[in-house]
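Sequence lines, in order, name chains A and B. In this text, residue positions in the first sequence follow the numbering used here: the first is 1, and each later residue adds one. In this text, residue positions in the second sequence follow the numbering used here: the first is 1, and each later residue adds one.
Since the hints were derived computationally from the structure, they do not count as laboratory data. The structure displayed is predicted, hence computed values, not measured ones. Mixed in with the good hints there might be a few duds.
[To be verified] Residues from chain B shown here face chain A by an in silico Cβ test under 10 Å; the list is partial:
hint	residue
1	T48
2	F51
3	K54
4	L94
5	I97
6	V112
7	D120
8	V147
9	L158
10	A159
11	E160
[As the list claims (entries may be wrong)] Straight line, CA to CA, 25 Å or less: simulated SDA-like cross-link-like pairs of lysine to any residue:
hint	chain 1	residue 1	chain 2	residue 2
12	A	K94	B	L155
13	B	K67	B	P141
14	A	K68	B	D154
15	B	K85	B	S114
16	B	K67	A	K94
17	A	K68	B	Q63
18	B	K59	B	D154
19	B	K54	A	K94
20	B	K108	A	V80
Just so it is clear, CB atoms sit at the ideal spot from N, CA and C, and this is done for glycine as well.
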Amino acid sequence: MDWLEQELKDALAREDPPADFASRVLRRAERPVTPVYRFPRWLAAAAAVVVLAGTGLEYRQYRGEMAKEQVMRAFEIASVKVNRIQTQVREVGK
Amino acid sequence: MRAASRWRVLVLALCCAPVACGQQFQINLDHLTAKASETVDLSLNGSTLQFAAKFLDSKDPDQNKVKKLIAGLEGIYVRSFEFQKAGEWSPADLETIRKQLKAPEWSKIVGVKSTEGETDEIYLRFQNGKINGVAVIAAEPKELTVVNIAGPVDLDSLAELGGHFHIPKMDVPKQKDVH
Chain A
1 MDWLEQELKD
11 ALAREDPPAD
21 FASRVLRRAE
31 RPVTPVYRFP
41 RWLAAAAAVV
51 VLAGTGLEYR
61 QYRGEMAKEQ
71 VMRAFEIASV
81 KVNRIQTQVR
91 EVGK
Chain B
1 MRAASRWRVL
11 VLALCCAPVA
21 CGQQFQINLD
31 HLTAKASETV
41 DLSLNGSTLQ
51 FAAKFLDSKD
61 PDQNKVKKLI
71 AGLEGIYVRS
81 FEFQKAGEWS
91 PADLETIRKQ
101 LKAPEWSKIV
111 GVKSTEGETD
121 EIYLRFQNGK
131 INGVAVIAAE
141 PKELTVVNIA
151 GPVDLDSLAE
161 LGGHFHIPKM
171 DVPKQKDVH
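If we strip away everything but chain B, and leave its shape as in the complex, we get (with noise of 0.2 Å):
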């Protein structure tokens, strides 16, 4: 190989890095950033999620629940927007993330659409037969969020996991045996 093609190569792999160590697929809503009044950007990779595992805790049971749903996971990547008014994010935003949610490597098996402009979208990733990975895309009128959870992920733990989230937890006092 010439010295000229070995640099194309290696220019080429250094592009595809983020998508190549973990990211499935790449989430270019940058430009969207200067717009949004409230912006959620995480990147995290499998080793971070190791690492973070060993910190939760699992007497706690949403931090129980996460451990065992990212045993095996090569990473988790979020970018989530919210504006102050409709209309900041255009449909073209998430036509670029569709176009690489293509067959036969992804399917979709969600597409819901409301009538007050709420669009989700959920794909599955398919290898050698198993699921290793998820793409969400959930867009309101003033809310866009993607997130790619690159490995092998139980969707109905995730869903139920979510229903967990936001409820307050009460501290119900143990009733005293009465002898």
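Extracted from the complex, chain A is given alone in its bound form (with noise of 0.2 Å):
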């Protein structure tokens, strides 16, 4: 036998396990497993669709707010101007 063969024979020979061995193992199977969290697509894709609708309604809002302040500014010179002009011929026809 050459020293090769020793050293295999050293490495692979048959050991016992440690006393506590099975018990150690079983305690750890008893333990819960904790679960690895998949956050739900729907869930991702509920999200999106309530994100791009709140969105799209400040959006809407916005522009509604914008029209609303243009539509009071066009009305406000014109019904100037009108009353302006009506006062003028009531002056005249006096």
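If you follow the hints, you should be able to join the two separate chains into one complex; please do so.
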């Protein structure tokens, strides 16, 4: 037997487990497994829809307020001019 | 129809699009923008008016009146210029607009010219015997305003609204009931 054979024999020699090995394995097996949390796809899609809808509504509100201001400004100019002309006509008629 | 003729019709239609889509006459006053100290350019078509109407508060008296006025309107177009000094706009500017406001489509109902250099004119556009548009020209030495309201307009309501604007609102506290 040369030295290499002896080395292999020592390395592969049968070895008994420690006395508490079985109990340790059982204890580990009994421990509750922590589930890996996976974000549901439908929830991600729903969240995206909610965010998009919210942004859309916000933009619609912004556009509406802008349009309202422009309409009020347009009618302010038009009505003030017509009112002034009407007043002038009434004064001429007196 | 030949292809060239079709193109001509298409180009002509596109050129006339601003007038066809609501605006009843062209307000060619762009050259005054550079001279003006303040410019207002508002072009609101029917769909914009109806969209804006949804955001007008019926509880606010002015907004409620505007809401009623814009029902059925096809558009409102305003060009207003304010100048630092007199003489920046010329009578020719008014003439280009007046040329478009001719009978039988348009009728001039008011024309006021003051010694202070003010010129005010109101034109009505009739269709099937009903008012279908208003044109207002209000010219002062340092200000020029042209308005086109397209659609059925109640002039009295419009003038009444003008009397309300610029009047500050006052919150009058309600009197407590005395028992």
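Starting from the hint list further up, note which numbers the structure goes against and sort them upward.
4, 5, 13, 16 and 19
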